[in-house]
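Asks: We have chain P; now place chain D onto it with these hints.
Letter by letter, the chains look like this.
Number of protein chains: 2
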Amino acid sequence: MQQYFVKGKAEELVTITDKDTAKHMFSVMRLAEGDEVVLVFEDGIKRLARVVSSSQQQLEIVQELKDDVELPVQVTIASGFPKGDKLDFVTQKATELGAAGIWAYPADWSVVKWDSKKLAKKVEKLEKIAQGAAEQSKRNRLPDIRLFDKKADFLAQLAAFDKIFIAYEESAKAGEMARLAQELQAVEANQKILFIFGPEGGISPKEIETFEQAGGIPVGLGPRILRTETAPLYALSAVSYAVELTSRPD
Amino acid sequence: MQQYFVKGKAEELVTITDKDTAKHMFSVMRLAEGDEVVLVFEDGIKRLARVVSSSQQQLEIVQELKDDVELPVQVTIASGFPKGDKLDFVTQKATELGAAGIWAYPADWSVVKWDSKKLAKKVEKLEKIAQGAAEQSKRNRLPDIRLFDKKADFLAQLAAFDKIFIAYEESAKAGEMARLAQELQAVEANQKILFIFGPEGGISPKEIETFEQAGGIPVGLGPRILRTETAPLYALSAVSYAVELTSRPD
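Residue numbers (the UniProt record's numbering), protein chains in the order written: chain P, 1 to 250; chain D, 1 to 250.
There's no promise every hint is true.
[Stated by the list, open to error] Straight-line distance between alpha carbons at most 30 Å, and here's what the computed DSSO-like set of lysine-lysine pairs gives:
{"hint": "1", "chain 1": "D", "residue 1": "K23", "chain 2": "P", "residue 2": "K125"}
{"hint": "2", "chain 1": "D", "residue 1": "K23", "chain 2": "P", "residue 2": "K86"}
{"hint": "3", "chain 1": "P", "residue 1": "K23", "chain 2": "D", "residue 2": "K83"}
{"hint": "4", "chain 1": "P", "residue 1": "K83", "chain 2": "D", "residue 2": "K125"}
{"hint": "5", "chain 1": "D", "residue 1": "K122", "chain 2": "D", "residue 2": "K23"}
[Said to hold, decoys possible] Reference listing, derived: stretches of chain P covered by chain D, where coverage requires no fewer than 3 residues with Cβ under 8 Å from a Cβ of chain D:
{"hint": "6", "region": "86-99"}
{"hint": "7", "region": "137-147"}
{"hint": "8", "region": "217-231"}
Since the hints were made in silico from the structure, they are not lab data. In this text, a Cβ means the ideal position worked out from N, Cα and C, and glycines have one as well.
Chain P on its own, in the form it takes in the complex:
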């Protein structure tokens, strides 16, 4: 069944005010009185809703649904600003794969320079991509999209995480490949996990030092060199496999 995210709290009678959502519901899908869809408000609970009036874009809530497909841990990925439209791609795929946050920061070796005006526009675009992907993959939550203007603002966030992993190619080369699995076997429900990725050129030695000082653990993601836009997908899949598919002793 078609699913839509709606801003705000759930009310018994809902008027769709977001233009894109209203257009998709009543122009594209041509929903009519009595048709049912799933609405997801900011509390993350899916609710079955029935169209009361298509001209007034009104729906009534029928019942709460139990379906919850969120990862049991909250995973944020943070990429060094990559070239071109790679963040669009990362946003769509990372949303499908369950990311709680999709962030990017100006890394030492980022080639692109984005000013705050450009960043604001890009956030808006990525939020739309994330919403589309979250609706299609039936998520309960929209990921938090943040593009940091200054690296210091990104660094100021690190203390909020329970675990920080630094995806570091040299860790793969050094054969430190068991580290991520060891750490993931010890994570607990609802913990906040951050994965930091470099841009195309990688993470600079100075950045590695900074991230490590903030508690970051360098980890390898297998022996093959992954492109900057592929590594986050590996990380999210690995977390899902470790915490959703693997039955653990605890």
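Replies: The following block gives chain D in isolation, referenced to the frame of chain P:
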């Protein structure tokens, strides 16, 4: 260091005959006498090679390298023909993630119809994409690319695999999520594993039956609905995580 795949067996003196490779080496990278690159022949061994003559496109082998980044199991992914250019994307990413084979077949619910002429052209294009991705991710082997004209030809291949997994959305819904992890914990080195994916519309009930009769095991890839081009990336990441990153009792 730049890496190139070369057809055939390794010889002490190598003449580059492939036009695209020669162009990249001597026009794009402007390799000159004495410059070193890594060559990978069909035996999958990386060899350090030194340019002897750029005008004659000749290199000499310096030494064998020990570097082997191939997955310890051979994973083939088979997608129902998807829409548009999705196979291009899947080919690039699956190559980075270590796929031994990237196949596609005409599924019951595939929307596109490709005739054999179109398929031959498409294989050629995908092989180029795979070669570029394999060189960048420093693979030892190029994946085997196959697009099956008839589903029967695909089905005839199933007996060659040690394990067949069917990525089936209903398995995720039914909560059968531990199955893949249980099976992956039991795989042995060099086993041949096949993952079968449906096109956008999914795998038909008749196909599920056929794949199951051939020994296929329906598995879920987490509770979120993944697009047809995202599911293979999850599967390959999960296999890498399970067999390369997780230390196992055996």
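Asks: Work down the list of hints and note, for each, if the structure agrees.
Replies: Hints, verified against the model:
| no. | hint | in the structure |
| --- | --- | --- |
| 1 | D/K23 x P/K125 | violated, 38 Å |
| 2 | D/K23 x P/K86 | holds, 27 Å |
| 3 | P/K23 x D/K83 | holds, 25 Å |
| 4 | P/K83 x D/K125 | holds, 24 Å |
| 5 | D/K122 x D/K23 | holds, 22 Å |
| 6 | 86-99 | holds (count 4) |
| 7 | 137-147 | holds (count 3) |
| 8 | 217-231 | holds (count 9) |
Taken one by one, the earlier hints fail for this structure only at number 1.
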